[in-house]
Amino acid sequence: MQPRSACVILALSSIVFGAVSLSATDPSAIKTLSSGELAILSVKGIEKVSNTNARSMIVKDFGSFQAGEFAVIPEPGGDTFLVPLQLRMRADGLFTHMERFNSAGKSTAAWPHREAGGILGGVAVDLVHQIAYCSDSRLNTVYQLDLKNTRSSFVLLARIRDSGILGPVALDAKRGRLLVADVGNGTILSIMLDTRKVEIVLGAGTMAEPVSMVLDQANDHLYIADASRSRVWVGTPVGNKWTVKAMTVTQQFKQPISVALTPEAALWVADRGRQKIWLFATADGRTLRTVNP
Amino acid sequence: MSPRPAAAFVTAMLVFLPLRVSALELQLENYRTATSQFEFKKFAESTDAPISIGRDAFPGSSLSYDLWMEPEDVSEVPKYDYFRYIIYVRPKANPSQVTRVTFRGKSGGGFDDQIVDVHFTVIDGARQEDGTIQLPIFGRLPSDALSSKQPEDPLSVYIDVDNETEVRLTNEKQMPVTIAGASASSNDRSLWQPLSVIRGESNAFTPFVLAKGANVKDSLKVFLRPRKLQAFLTALTPSKSKEDDVITVRVRYSTLAREEMSYLIPVRVRFEPRPLYLPIGAVVGAVVGWLILLAVRARKEESRDQLRILVAAVVAAFLIEILGMLLAAGGSQLKFLGFPIDPFQLLPATLIGLIAGLAGYQSRVFLLKISRLDFFKFGNTGVGNATA
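Chains as they are written, first to last, in my numbering: chain P, 131 to 423; chain Z, 19 to 406.
Please keep in mind that the hints were generated in silico from the structure rather than gathered at the bench. This structure is a prediction, so every number in the text was calculated from the model and none was measured. Warning: the hint list may mix true and false statements.
Partial pick of chain Z residues on the chain P-facing surface, computed with a CB cut under 7 Å [to be verified]: (1) Glu57; (2) Thr65; (3) Pro96; (4) Lys97; (5) Glu261; (6) Glu278; (7) Tyr281; (8) Phe357.
Derived pair list, reagent style DSS-like, types lysine-lysine, alpha-carbon separation capped at 30 Å [unchecked claim]: (9) P:Lys174 x Z:Lys239; (10) Z:Lys167 x P:Lys174; (11) Z:Lys167 x Z:Lys235; (12) Z:Lys239 x P:Lys384; (13) P:Lys406 x P:Lys384; (14) Z:Lys60 x P:Lys375; (15) P:Lys406 x Z:Lys124.
All C-beta atoms, glycine included, are put in the ideal place defined by N, C-alpha and C.
The whole structure should be built from the sequences, with the hints applied where relevant.
Okay, here's the thing in structure tokens:
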């Protein structure tokens, strides 16, 4: 039998008999809780992984909704979670909203996204002013949302027409701007919060698919997970712009899809390709911990 | 640098720095469906360490190159509304020279997820070759991958026994569907012992794959154990709707690259037998028993006394059936000659009536004792065989 014919038969048999491998519980995003513990968002909900690796569900699934990103808001009574959710329906298109869950996993507020067909991709929170910033990856818009008012609406901050796919967002409070990654073009944009001026602060060519990013405001480092280039980039500011270099760590990434910073400025990286979540020392790239998703 | 260290250096570069930019370029052509288009755009390409083609890989080929994609290398990125594809290319003449190319695929509209032949072009320096690779493409809105046709009439659930019902699942997709889990819940939890869903003969649920277009009758089995008293009272209460409760079977499933989803199957149920029918069954049994008694022994009695025996048998059967149901609902067991009788089933209820009819004289004495009604006394005065 020719190798190609064998290959075709094997593939067809896999299609017919269903020999497919699926990763239904892949983590979509990771964050660090104020306690320093890890929170994993997946199709199962939001799960907490303690420092002793004990696991407990905080938010038990999202029903018919789908979540891809979330933000943690530290509060005196326990962390709350801000989750963009979208409902996929056969006939009625997409229904998207932002929902807040308390530390017991109960929904405490929901803000509907009234733009038809929108998908909220990235979310970042200004903890001082209780304002959420989020990107719409389908409409290529950026919104702000007043979290103090449960009846507030999404307010358009910027519409970026020549962008590819707007993705993760990070608040650069020190410079009064929002950083938004363009997943489609592999660039980082900056939106000044006062003037709403948009500019590219990291151009195309280096990154391919910046799917997640986190800003270490204290050390002025921007960590960016690049799923296609199999890298985590470390950005440092040069004037208004950023330059990046590949983070040197003791593991080889395959498909890093999410990054999160601990209060001690160590970096969590979730790698879909390796099916691992690692904690790295940002100073020397040592692996401090490994968690299986 | 001498040749050996140089070779070692190159090997190390290939192993540890697999992401250097590749000279080979792969282009995928957008795929047009009947109603829409699925677009491919390249994220990045780089050389990779030599790897083998997996057994379940999606294959493609041109004259000089092999292409493939492993099933786990296509994934949905729902928050950014695209699918990520990692495709490997290698020259047939030099299989160790692997190039890894990452694409994003985005649907322009709604269509069913399907596996299609996608046209590709490999550009390697001056050489350019075309071919096709089998790849899954995905519609913008995932439609339900499963369906389950339910009967128009509610499912009969017997109050006093453990019920098992089969749920048929049909795969509506053009690709396999993995059933990852199933659970059942009821609208009124007070009516049921804990519900469970199993697969096949196993006591626990085991994930399984429904092949493309498969329609499997006993895909799932749902165990329904009613709480007798609550179910009895529910069945006793008149209602406009045909069903007494709705059991929702939640099936968790996943298809290639898609995140896990749930399919809800409402199973309408109606408790059986209806409590009203049981005493009627007992009464019918009592009449039959009385007729037998009449034929065998009570012919000699006066017609008024025969009627007294009938009424006594009917009333006794009714009372024993009602009392038996209440006791059985409370966890007790009704026995006759050491054999358990279930008053919640129509046949045993009829048997209770039959016994009460056959024991018509005893039924009369029994009622006379508990009621002291003159009606159950034989003759005009009641004197005589009141204690027979």
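Cross-check of the supplied hints:
no.	hint	verdict
1	Glu57	violated, 11 Å
2	Thr65	violated, 12 Å
3	Pro96	holds, 5 Å
4	Lys97	holds, 3 Å
5	Glu261	violated, 24 Å
6	Glu278	holds, 4 Å
7	Tyr281	violated, 11 Å
8	Phe357	violated, 48 Å
9	P:Lys174 x Z:Lys239	holds, 24 Å
10	Z:Lys167 x P:Lys174	holds, 28 Å
11	Z:Lys167 x Z:Lys235	holds, 10 Å
12	Z:Lys239 x P:Lys384	violated, 41 Å
13	P:Lys406 x P:Lys384	holds, 10 Å
14	Z:Lys60 x P:Lys375	holds, 22 Å
15	P:Lys406 x Z:Lys124	holds, 27 Å
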